[in-house]
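Chemist: Protein sequence lines correspond, in order, to chains F and B.
Per the working numbering, residue 247 is the first one in the first sequence, and the count goes up by one each step.
Per the working numbering, residue 8 is the first one in the second sequence, and the count goes up by one each step.
Hints are supplied without guarantee of correctness; some may be wrong.
Claimed, not checked - If you want a taste of the chain B side facing chain F, the calculated C-beta under 8 angstroms gives, among others:
no.	residue
1	L11
2	Q18
3	E283
Think of the hints as simulated: they come from the structure by calculation, not from any bench.
Heads up, the beta-carbon is just placed ideally off N, CA and C, and yes, glycines get one too.
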Amino acid sequence: MTDTAQRLAEIRGGVPPRRHNARTIAALTGNPGCTRRAVLDSAGVDKPKLAERIGFPARFGQSRFAITRGNAFEAQVKADGGTELLRLVAERLGVPVPAGATWTDLGGAEDLPDRHERFRAALTGGGDEPALFDHPLLGLDVAGRRVHLEPDLVAARLGGRFHVVEIKSFPVIDGQADPAKVSAAAIQSAVYVLALRELLAAEGHDPELVSHEVVLVCPRDFANRPVASLLDVRKQLLVLRRQLDRMDRIEDLLGDVPAGFTADLAADPAALTAALSGVPARYAPECLAACELAYFCRHEARGHTTALGRPVREALGGIADVGEVLALADGVRASDPEQAEAGALLRAAARLRADALAGSPS
Amino acid sequence: MSTLRALAKAQAVAAGLAQPVATVRHLHLSDRPLVVVPLAMAGEANAPLAAMVGAARDEARLLVVPQPRNRDQRFAFAAELAGIVLLYLDSFRGVSEAVPVDRGKDVRYRYVDAPQLLVPNPAGITFLRLFGRSTRFRRPDGDYPVHPSVPLLGRWLTFFAERAEHPGSAALVAMTEALTLHWATGQSAVEDLHLPALLGWLDPPPGSIGAEAAAWAEDPEVCPPAGPATDPDFDNRRLAPAMAAYVEADGDPAARSAAYAELERLLRGQLTPTWELMWRGVGLLRALPSGARVAGRWDGDKDAFTGYAEYVDDGGGPQPRRDGAVAAAVRLHRLERALTSYAVQRAYDDPLVMAEHRLTGEAFVGDVTLADPKRVDDTGKRPVLRPRIQVVTTEPVLVPVGATLYSPARPGQKAKVVFLTPGADGKTEVVLELSGGMGRGLTAPPGTVPEVGERLCFTTLSDAFLPAGNFPATEETPWTHGGPPTVGPVPESGDGDPAEEWT
Ligand code: SF4
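If we strip away everything but chain F, and leave its shape as in the complex, we get:
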């Protein structure tokens, strides 16, 4: 074990690292500037449990109705050996619909290494005739650790290129879908594209054989009929690559972390809270939708202008502390030279606000 791996294991405590999936890896890109998150994720700490232990449980529950519906739609789309899926994907990509394609389901009860091997062979061994691979087994290196992914996805080989096909149960109505759901799907798909590319590259193939155009299959309008759309995930690939590289340099990040830092779930909550506070964070309201520690970090960020959102902080001249903003605005505190501009702006704003509230003319 390297020093870094040793250190990360200590941070995690005596438990195995939390398993990643495409969603958790996609979530890594949520707040890339946050050291606290990068360190905990690199160590594989179970953040939901940690948040609960320190009294700030996350709320990322999923309704069982949504899960059932997602599974049913996926099963429907994949039925009859993928004939319908093949047609949808080919038509969307603008290639002739092949008469048939091989269907390889790599899911199952075998051992991980076996399935991994089988997928590698199936993917890189055969020719380039049309093929659909269900439940491919993929891997990625995250902070020096190999992470296995078992995505609910189909990799399609058509016209000699591979496409990631994601089946999602949110509807596309009159050609439009919920933008938040589409962008979540895009970043997850980017994880798969990246993993597929690495697999091909490791076998000496051209990674660009995996297209950056992902096929998203969703129900159309209010019915169950599937419709395919294309998503260009080049931007997401860049973001993801950058964050994974950053986590590869975890040694640098660990430099910012106090020597005895632990997130061991067995530790006393008060000690955990104190330890966490020693690791720099960068809370923003966006964390609420992206990170299990958000309620804790929000609590900690109380009284900071960032907790109100970046536009608010910018409008306040970049001053970080609410108390300082008000002191500058009231003129009770003289501004430092580098705050002179912000101070003048805040004083003017406070004066105008008071004037208007006192009934100045409009």
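We have chain F already, so just place chain B with the ligand on it with the hints.
Modeler: Same frame as chain F, but now just chain B with the ligand:
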């Protein structure tokens, strides 16, 4: 985010209470708004689960869909909702007023009042828009007939959803947006989307501060979400078993009505807190005096309501799935104009909004120190009345000599900047030459020229009418831009298809 608003947020954090960002109410509030609190089934494409609807606090009607995946039950819900909404709309079609048009040469008629729908949040507006989309193409005949009121409801909901995109319209309003238009909380914009937390900042229970009340309101156990999305825990632990019990009771009338009653009880429990919050929000807004230009904007909503009611009466079809290119451009142009004029009107109506423009140098407030109301300019062909006034202000004046300014106190009058003299004491003397708003003669009627001692605001913002852009008429539009062949209410094939399978 303006610095004034951001400062109000910082003050809210320090005070533990939301702070005003408006001194008047900037939207019309009906005496009888129809409050609609919808809930949707998780995982489905906008499938209704329940709704609480009514035009007064003590008139809540609960609508429930025991099996949201069942298409017949969905349309039964739509018909029931239509019964309430269409009746409400009809109640505004009794009395009309005459409106002069064509410079008074003609009149047209419009209803004296219009309906107003209130939902908890922007997601509630999206829900109604999509519900309108899923019902407006349905037909009362054919393979899967629905009650005739269902497509009608769909068209009206689509009408309201389109109005909601029109800046300054109050026909369909999200309560969170109405409240944040007038108050700033000490939390972020995403947190403000949660109505219970927002009201926690506005009106915390005695003995607690806004931040505590908001945190309390975030726990779905004690404070159900304001919809349309339900709390996943509620779905998994309570709703799912109750729905299963309803399905299992098939064929046993007593068990079925008991199961139905249980579903009603659960959903009522999820909806009632939001219902109460909606009316608390209405109360807070009602306590604000209405802005001077609010009634004028509401007239626009009355016009739109009258126009659409007549269109429907004349047998007009459902709105198309998508606008053609020209229709989309016309609409965008209209929305942009409305946005500009809405921003100006709010500033004219409200010194606290105008203060944002004073901070950026687009406006200043000063005292009139000299006035020459009789000044006549006779250098041109005809002598014209051009009074001058001098205004002294302590605020920075960023407008150049020659600029045209307006004062909300006399919106029909232009004030041209003639001289700008900064003084040593940080004050600026501004000499303004006035034109317009003083009658046609060479003597200004009393009150039309500012007097010495008046304190006034001058701004570059103009409330003047913005001319509409020129777009080809529908029949002159080439088909490549959405002209005749595809325009109109005819749905594309496959859509509105009564056989369209429901999940
Ligand atoms: S919630 Fe905290 S740990 Fe997570 S990303 Fe935000 S600041 Fe970092």
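Chemist: So, for every hint listed, does it hold in this structure?
Modeler: How the hints compare with the structure:
no.	hint	verdict
1	L11	holds (5 angstroms)
2	Q18	holds (7 angstroms)
3	E283	violated (23 angstroms)
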